[in-house]
Amino acid sequence: MPHNSREDDLERRVESWASSQGSAEFPSEIQQKISRMLAPSLTPVKPLSSQRTLVLEFLAVFTACAIALILILDKAGFHLMTALQMTLIPAILFGGGILFSIALAAGMVPSARRRLPPVVLPLAGLSVIIAMGLLFPWRTSAAFVSQGWPCAFLEAIITVPAGVVFLLLARRGALFASPGLGAVLTGLAVFLALTPLQFQCMFQQAPHLLVWHGGTALLLILLGALIGQLRRHRRIS
Amino acid sequence: MGETPTQDRELRDLMIRYQSADARALDELVRRISPPLLRYFGGSRSLQNDAEDLLQECWIRIHRSRHTYRSSEPVMPWVYAIARHTRLDAYRKRRRLESREILVASVPENLDRAAPEPLQDDGFDRLVASLPEAQREVIVMLKVSGMSLEEVAKATSSSVGAVKQRAHRAYTALRHGLEKDGKDAT
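So the sequences go chain by chain: V and U.
Using this note's numbering, you'd call the opening residue of the first sequence number 1 and step up by one each time.
Using this note's numbering, you'd call the opening residue of the second sequence number 1001 and step up by one each time.
Looking at chain U on its own, in the form it has when it is part of the complex (with noise of 0.2 angstroms):
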């Protein structure tokens, strides 16, 4: 869990290998980055079917854009500020498609309720997923790609005041969920 100094480092070498077309580095980089990526798809609820069509896309632009990295920044913010742009598009592209269904068929009113549930049946992971996206993907780049606030910052086109402000919205849900849960449990 999380990148360390030394791990990413070694992701900037295999971005740099990467750029200069070698085949191993690209196979390398799918190998470490995908697990990461293909999560913070798959927690989104609404999208989570489409995570692994989402991943692909996601590389399609990674290796369309791989001019752009640049080796003296860290690895992580730049995929995850593509994945970003790959979600918002989907999302985007979801929305569409549901207003053109909704007129001529008749649809749940809140589609995300109609979402499937999440992969894990674990009540704490359902509490992550039912957070807004602004918060979840927040707390995925900061505890589960253990990046740092400036790199969630630059991966989110924000400011730290910002991403601060989403993680601490974000642990007051989820303590509000846990008292809720521990309620109803008793």
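Here chain V stands alone, though its shape is the one from the complex (with noise of 0.2 angstroms):
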């Protein structure tokens, strides 16, 4: 058979297995009793603000707790850093804060347009690594540990709270837990919980950094990710 009239067949066969499928007889009982089960719990809601607006209040929260955060904390690290240290630290951190919160923002709605392709969350978490360890000095200390231990205790008792006010938020969507939106969540926390840190921290090194601050930040990201798996597991048990 030629090419053509090959591709011809398949198609005219897809057409008339498509028009069966939306021909065919769909029993009336069910939809009663489907109707039947919504009606009660039938209440006007009201629909949820743009993917933009989402974003905004997302990046509001994330900036306001910041500013406060950092207000309240020591600014010992802030006086250590150099002026190119000062404005590019900062700045991939709010990048991040605004990656994380267009990714969780698209989870929240079914169907919503994905902006963003699945590679630029990690390149953004990479991004920080990689400025902690270039734009800081290999210097280390005899206290490695002493000093490392607090910075990471901040870091973790920021995170938790600051990931429970963006799960609240993100709760008006229709969420629906996997790994991947408890990381995006936890991330979005993470990005939040190192601005203030990089401010407050006296230990400007890089291997202080990546370990304590980088190394705490993953660690809390995989917590996030577990977490939604262990939520998606106790949905469809």
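Everything labelled a hint here was simulated from the structure, so no lab data went into it.
A partial selection of chain U residues facing chain V, derived with a Cβ cut-off under 8 angstroms:
#1 SER1020
#2 LEU1038
#3 PRO1077
#4 VAL1144
Covered stretches of chain V (in silico footprint by chain U; criterion: 3 or more residues with CB under 8 angstroms from a CB of chain U, positions within the stretch not fixed):
#5 6–14
#6 29–38
#7 42–56
#8 112–121
Cβ coordinates follow ideal geometry from the N, Cα and C atoms, glycine included.
Combine both chains into one complex, guided by the hints.
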């Protein structure tokens, strides 16, 4: 059979199959059953804000919390940073906040347009790690652990309530719990925690920042993904 | 077959009325949207017996998420996105149950083979049912529901390029299936 004729035959069969599917009978008792099931809980609902508004809401919370925490916490680290560090690190962290806000807002609406390729969020995290490695001196002190764990602790205690706040905002949407959504939500909270921490920390050296700030961030994001997985597990059981 | 612009406008109006708690709009939406959803769930070989349960579960999710629909967007991609999550959760649940069953009893190695035959005993229907889920759902959305490539991309959380690729692979698989059937017949 010539090629074009085979293509036409296939298309014809697909169309015929599709129209047979479209004309199939649908039992009216199922329809009535569904209507009866939903009718008692039928109340007016307010449609969710636009995706842009949702992103702006997340960013507003991110910025307000970051500024409040910077004002509350010590700013020793800020005075130790060079002009380049002072410019680039907050810019990268805020940029990460924007990207994670976009991803989280998209996760709230079924069929929301995917604005970010999947590789962008890991790249945002990687850019923080690279900036920490390149912009800060590679020195370490004998008190590496005793200097480090308070930073890790502070990062965790900022991330947890921030994550809860973002979850409360995101719950207005139709969230389908998954490891990815858990990681995105925690990622946004981690970027928020890293911002005041960078201004507060007086150990502005690459090994300290990479292990105690970056490492903790990675662990927290993994924990968020795990929580997402557990919630999905609970939903389907 | 397929939603025309007028039908899509009607569906959008019904969704807006449904959001305002109009019971008639709910009935009409259930009447219009359920048949393609039932075909979507029923076309999957391993979930065919659960199609009605999945349809009800999907409607519960649609109901709970109805505030996330925006009137500026077409209805069907939003509906199919929820249906897709419903189906994926059902797969995960089934897989978990099956893995538990395997521990206590001997079951067939390939559970798909043990799945019941499709409702219609038609060769092409069987060919479509044998497609991988990701390809089959794209064909159903494009051809049965008449959605555009962009709408299918939205419903499946993927890019237009990925949808085109899946549709192309589905057509290639169907072509090979038809050729094989033709050879077997001769």
